[in-house]
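Take a look at the letters that make up each chain.
Number of protein chains: 2
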Amino acid sequence: MIITSLENQKVKLLLKLDSTKNRKKEKKFIVEGKHLVDEARKKGVLLEAYSLEEKDGYIALSKEIMKKICNTDTVVTEIGLCKIVESTTLSDKLLILDGVQDPGNMGALMRSSKAFGFDTIIIGNGSCDIYNDKVIRASQGAIFKLSFIHADLLEIIPKLSVYDVYGTNVVNGIELDNVEKKNKMAIVLGNEGNGISKEVQEILKKNIYIPMSNTESLNVSVAGSIIMYKLRNN
Amino acid sequence: MIITSLENQKVKLLLKLDSTKNRKKEKKFIVEGKHLVDEARKKGVLLEAYSLEEKDGYIALSKEIMKKICNTDTVVTEIGLCKIVESTTLSDKLLILDGVQDPGNMGALMRSSKAFGFDTIIIGNGSCDIYNDKVIRASQGAIFKLSFIHADLLEIIPKLSVYDVYGTNVVNGIELDNVEKKNKMAIVLGNEGNGISKEVQEILKKNIYIPMSNTESLNVSVAGSIIMYKLRNN
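Protein chains in written order, with my numbering: chain A, 185 to 418; chain B, 185 to 418.
Errors might be hidden in some of the hints.
Since the list gives no way to pick one copy over another, a pair counts as held whenever it fits inside one copy or between any two copies.
[To be verified] Capping the alpha-carbon separation at 25 Å, the derived lysine-lysine pairs in PhoX-like fashion look like this:
#	residue 1	residue 2
1	K196	K368
2	K252	K211
3	K414	K365
4	K366	K414
Note that these hints are calculated values from the structure, not bench results.
Okay, chain A solo, but in the shape it has when bound (with noise of 0.2 Å):
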């Protein structure tokens, strides 16, 4: 039987987590592609297989339904219903997002983070929802081999005692190549136009500069990323 009414109750689930909101009240979202709905499966998130097709462990839906739910110009044969999983415990190299607004930049961020092992990111408020299908696409399947944490920065970056907790700003900052390579490490990535936030940084002791040619300035996912292979473990 292939879904075809857009008053299924699935189907109006499906069409809600186009929102934010939605996505937080009911801890799900939506992932787009053969490759991701493995990955979800393979990482034990996933409630439940669309496809366009009648197939085994797949739900059919009707192409216009499909496309309704999809945000892609290209046609999605097969989406995955995912459940949100909040991590609670700390990798060893955490990236800390204060207001990461571009989902591009969030999707390369995710996937610098996994392959330098920065494998928890901690993401304040005002950064842009993770599960927002155009981050999904950019982390090209990172996002289900990282743990996520969404928190207060405020609140957080004091209890991070042991780490050493590292800003991203010119003033008083320490150039990349001079910081210690420690065990533990945070680094703290702001905002595309404002960078961190006046609050944030004020609680920072401790910032990194990226050497560069004079009034010049790197794109977040850039800069952060650049700190991340540096920084890495070998």
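Fit chain B to the supplied structure of chain A, relying on the hints for placement.
Relative to the frame of chain A, chain B by itself:
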């Protein structure tokens, strides 16, 4: 006098420049916002400046016309008509792009190129148009501080014999930490999905790879930026 008619010849030209084809034909492009107009003026490529109000050195456009020309949701108060200038000289460090498609990646790479002294970018066929409004926005003005050469990579790369030219590929790759820094170096980056094209890969003698966790991969602007950071002149 404020221009209010879509039939005005200047307005017609500005509207035409929304397409890559017309930008190429007219050798002109548009930048949005005071910051970029000022940068274009500094660089000497500003042909005309337009604003919402009548003032010295500006041609005034009605809000409706300005909206039609710009692609942003926010109100743009001034735009600049700029000429496309193709470079003929090469900097010591070169970035070579073989099919980088995403405007955000292209803009981020420009910022990193400038920041790390890769002052000439060679753009191969199949890369996205650098005069696209999204690229210009993402470049944050770096587009006016770099030189660009559009070329067939199969023709230009063999001519770069005084440069150490590196592809980016794990296969037959040298780990980034072990790459010998030279004065004249060129880095080739490939397409987001497919990497460097087969034809270009065949004429590259050396490759760089970035050490990372198994099975992971990086966003192309991140990978290129890490390499440029590492190989910059100090």
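**Item:** Those earlier numbered hints the structure runs against, lowest number first
**Value:** Number 1 - this is the single hint that the structure violates.
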